[in-house]
Structures are given as structure tokens and as C-alpha cells.
Amino acid sequence: MSERAARAPGPRLPLPEWARGYDRDTLRADAIAGAIVAAVLIPQAMAYATLANLPPIVGLYAAAVAPLFYPLLASSRRLAVGPVALDSMLVAGTLASIGAVAVGERVAY
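Numbers given in the working numbering equal positions in the sequence shown, counted from 1, plus 26.
Quick caveat, the hints were computed from the structure, so don't treat them as lab data.
A portion of the hints provided could be inaccurate.
Here are the computed distance ranges between Cβ atoms for each label pair [unchecked claim]:
(1) Pro93 / Arg50: 20 to 28 Å
(2) Pro81 / Ala45: 13 to 21 Å
(3) Pro69 / Leu39: 18 to 26 Å
(4) Met115 / Val63: 30 to 38 Å
(5) Asp51 / Leu94: 36 to 44 Å
(6) Gly47 / Ser123: 45 to 53 Å
(7) Glu43 / Ala73: 30 to 38 Å
(8) Ser123 / Asp49: 48 to 56 Å
(9) Leu39 / Ile62: 26 to 34 Å
(10) Ile62 / Ala100: 19 to 27 Å
(11) Ala57 / Gly125: 27 to 35 Å
Computed from a predicted structure; not experimentally measured.
Heads up, the beta-carbon is just placed ideally off N, CA and C, and yes, glycines get one too.
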């Protein structure tokens with residue numbers, strides 16, 4: 027590790043920090059919470075994709091990417107990440123302003 031990296035505040039990847047205190051009870055609680063979040067997030071993400079005038083599958087991709095990578099790279103254990111309604115409306119407005127009319131054109135962006 028370089029001297030500059032060693033002086034940087036905080037860990038580069040927080041996973042080792044919070045994984046030390048992770049036990050079976052926490053895993054069980056997280057699994058239950060994950061199932062509940064998935065039950066809400068899947069239809070919500072599909073609806074948000076529809077708000078953005080995109081195919082519903084795009085919403086599923088958006089809902090899957092953030093929760094997969096966030097735990098590896100972020101330090102907060104109590105933060106929800108994923109698509110939100112405002113983002114969907116901003117995407118729809120942006121795509122409309124650049125003239126992306128067909129579904130294929132919208133997905134290409």
C-alpha cells in the first residue's frame with residue numbers, strides 16, 4: 027500500500043469492518059428484511075420504469091444493481107438504495123427532451 031493510501035481516512039472497502047460483528051442472528055434478520063424489501067421493490071421498480079416510459083424489465087435491472095453493490099462499497103448498514111419515483115420522472119423528461127421516442131431508442135440511452 028502506498029503511503030498516500032495509508033494516510034487516507036477510513037477503510038477503502040468497509041465490508042471487512044462490519045463483517046467482523048456479523049452473526050447468525052443478524053443473518054437471519056437480514057434475510058427476512060431482504061425478502062420484505064424484495065416484495066416491495068420488485069413491483070415498485072417496474073412501476074418506476076413505466077413512469078420513465080421504459081420497459082418494466084429496465085426497472086428490475088435498476089432495482090437489482092444497487093442492492094448488490096452497495097453492501098460491498100458503503101459503510102451504512104441502515105440505508106435503502108434503489109430507484110425512486112422522482113428519478114424515473116427525470117429520466118422520462120430527459121429522454122423526451124432528446125427525442126428518444128421509440129422504446130428501443132429509450133433503452134439504448
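Hints versus structure:
Roughly 21 Å separates the CB atoms of Pro93 and Arg50, a value that falls within the hinted 20 to 28 Å. For Pro81 and Ala45, the Cβ-Cβ distance of about 37 Å falls outside the hinted range of 13 to 21 Å, so the restraint is violated. Checked against the hint of 18 to 26 Å, the C-beta distance between Pro69 and Leu39 comes to roughly 32 Å, which is inconsistent with it. At roughly 22 Å, the beta carbons of Met115 and Val63 sit outside the given window of 30 to 38 Å.
Restraint check, Asp51 to Leu94: a C-beta distance of roughly 23 Å breaks the suggested window 36 to 44 Å. Distance hint check: the CB atoms of Gly47 and Ser123 are about 48 Å apart, consistent with the given range 45 to 53 Å. In this structure, Glu43 and Ala73 meet the distance hint of 30 to 38 Å, their C-beta atoms being roughly 36 Å apart. Restraint check, Ser123 to Asp49: a C-beta distance of roughly 50 Å satisfies the suggested window 48 to 56 Å.
Evaluation of the 26 to 34 Å hint for Leu39 and Ile62 yields a pass: the beta carbon distance comes to about 27 Å. Evaluation of the 19 to 27 Å hint for Ile62 and Ala100 yields a pass: the beta carbon distance comes to about 20 Å. Between Ala57 and Gly125 the CB atoms are about 45 Å apart, so this pair departs from the stated range of 27 to 35 Å.
In summary, the structure is inconsistent with hints 2, 3, 4, 5 and 11 from the numbered list given earlier, while agreeing with the others.
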